[in-house]
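Asker: Protein chains in written order, with the working numbering: chain A, 1 to 213; chain B, 1001 to 1209.
No wet-lab data here; the hints were simulated from the structure.
Every value quoted in this text rests on a predicted model; they were computed, and no experiment measured them.
Among the clues, some could well be false.
[Stated by the list, open to error] Within a straight-line C-alpha distance of at most 20 Å, the following computed EDC-like cross-link-like pairs (lysine to aspartate or glutamate) qualify:
| no. | chain 1 | residue 1 | chain 2 | residue 2 |
| --- | --- | --- | --- | --- |
| 1 | B | Lys1163 | B | Asp1132 |
| 2 | A | Lys2 | B | Asp1047 |
| 3 | B | Lys1171 | A | Glu14 |
| 4 | A | Lys2 | B | Glu1144 |
| 5 | A | Lys2 | B | Asp1122 |
| 6 | B | Lys1133 | B | Glu1118 |
| 7 | B | Lys1171 | B | Glu1005 |
| 8 | A | Lys2 | B | Glu1115 |
| 9 | B | Lys1163 | A | Glu5 |
| 10 | B | Lys1163 | B | Glu1024 |
| 11 | B | Lys1163 | B | Glu1150 |
| 12 | A | Lys2 | B | Glu1048 |
| 13 | B | Lys1133 | B | Glu1150 |
| 14 | A | Lys2 | B | Asp1113 |
| 15 | B | Lys1171 | B | Glu1115 |
| 16 | B | Lys1171 | B | Asp1132 |
| 17 | A | Lys2 | B | Glu1029 |
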Amino acid sequence: MKTDELIQLLAADERPVSATAIEQRFAVAAAAGVAGAAVLMLSLFGLRPDLRATMALPMFWGKLVFAAALAAAGLVLLRRMARPGLAIGHAPLLLAAPPAVLWALALIALSQAPAAERVPLILGSTWRSCPFNIAALSVPAFVAGFWALRGAAPTRLAWTGAGAGLLAGALGALVYALHCPEMAAPFLAVWYLAGMAIPTALGAMLGPRLLRW
Amino acid sequence: MEIVEERLRGLLLQGLQPDAAAYERFLRELSAHLRAFLRRRLAQRPDEVEDLVQETLLAVHNQRHTYRADMPVTAWVHAIARYKLIDWLRAHAVKEARNDPLDEADELFAASDSEAAEARRDLGQLLRTLPDKQRLPIEYVKLEGLSVVETARLTGLSESAVKVGVHRGLKALAARIRNMAPAPRSASPSGGREGSALAPPGVRESQGE
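Model the full assembly from the supplied sequences, consistent with the hints where possible.
Answerer: Here you go:
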């Protein structure tokens, strides 16, 4: 087929495209990811029994805000990475802000605690399972995020895959916070981030393979 | 540069309305720029240039929903062309030592070349491997130059099925092309031609991060 013929053929495909097609896909993916994580969380772990009482504590909301802020930053980043030729702009700063705040809170908490209590503050009672639980809950959002990106045209595949993994990890953590009994900032600063790092690394590995277009 | 940007942008925005005539002019102008760009890049593989022009045009079309009206068309197209070129270079493990960076969008639009060579890979042949639901609409609409309405009558498909068929067929065509080339990653240990599986250094850095 000659290039001229191809051009005529392409021009004949006049289905209108939506300018917000990418945003729509991400919205669907994020909703599906959260819903999937909620189902997994309820069936595998269950809500924490004292959820109602915990809702009065600022740290409970802090956890949710932290995870939601990271997820929002991830969406901002991916939305740009999904389009060829669009610089990522200030998105990395948005991404760095929630962990920076959390680490600052953790350092303050550690510095105020007596020496003997510092290690328990970091390890809590669930450090062995927490990262893996978060990674498990991130699976639906991970799959949905890659689905969304396969309808787009990212040009840096490993980075984009990592971004999708991070978004999935943040959404997984958001839902896991409804089960998780830990309330200390030092614990969250280490183990929540470790949990999100698992899908992030996996996304970076799978990106070049799954996101080619 | 600005003149090219303005004209292409105008044509693309009209084309996305959709206005088939404006869109066709956009693609035609674009193909000339792509050809000149790729000819320079693939100086040692002149007979592959037209394949890549076609592949890039198909990608531009299939990814047109990723264009945002507030970004320069030149930057958008350059990123697509660069991605396709790098993907191709990696897949084919071309040894050509190229040290000049691929980073200037201006360069793509500095020259234009409307003289198409014959493509080596025949998209027409690839088209015949698609299922009828996609192949027939494409063949009638394009090869016979029939309208959607006429195609619908001839194939017994509904008008929207014809449109969907063309749309899906073009996506499938791009996927076929992609699958013809070995995937860059899995190809590297054994797929090296001419004794080397290494893509040029600049290429590895820019896409492998």
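Asker: For each hint, tell me whether it holds in the structure or not.
Answerer: Hints versus structure:
no.: 1; hint: Lys1163/B - Asp1132/B; verdict: holds, 14 Å
no.: 2; hint: Lys2/A - Asp1047/B; verdict: holds, 14 Å
no.: 3; hint: Lys1171/B - Glu14/A; verdict: holds, 14 Å
no.: 4; hint: Lys2/A - Glu1144/B; verdict: holds, 15 Å
no.: 5; hint: Lys2/A - Asp1122/B; verdict: holds, 8 Å
no.: 6; hint: Lys1133/B - Glu1118/B; verdict: violated, 28 Å
no.: 7; hint: Lys1171/B - Glu1005/B; verdict: violated, 27 Å
no.: 8; hint: Lys2/A - Glu1115/B; verdict: holds, 11 Å
no.: 9; hint: Lys1163/B - Glu5/A; verdict: holds, 18 Å
no.: 10; hint: Lys1163/B - Glu1024/B; verdict: holds, 17 Å
no.: 11; hint: Lys1163/B - Glu1150/B; verdict: holds, 12 Å
no.: 12; hint: Lys2/A - Glu1048/B; verdict: holds, 14 Å
no.: 13; hint: Lys1133/B - Glu1150/B; verdict: holds, 15 Å
no.: 14; hint: Lys2/A - Asp1113/B; verdict: holds, 15 Å
no.: 15; hint: Lys1171/B - Glu1115/B; verdict: violated, 26 Å
no.: 16; hint: Lys1171/B - Asp1132/B; verdict: holds, 15 Å
no.: 17; hint: Lys2/A - Glu1029/B; verdict: holds, 15 Å
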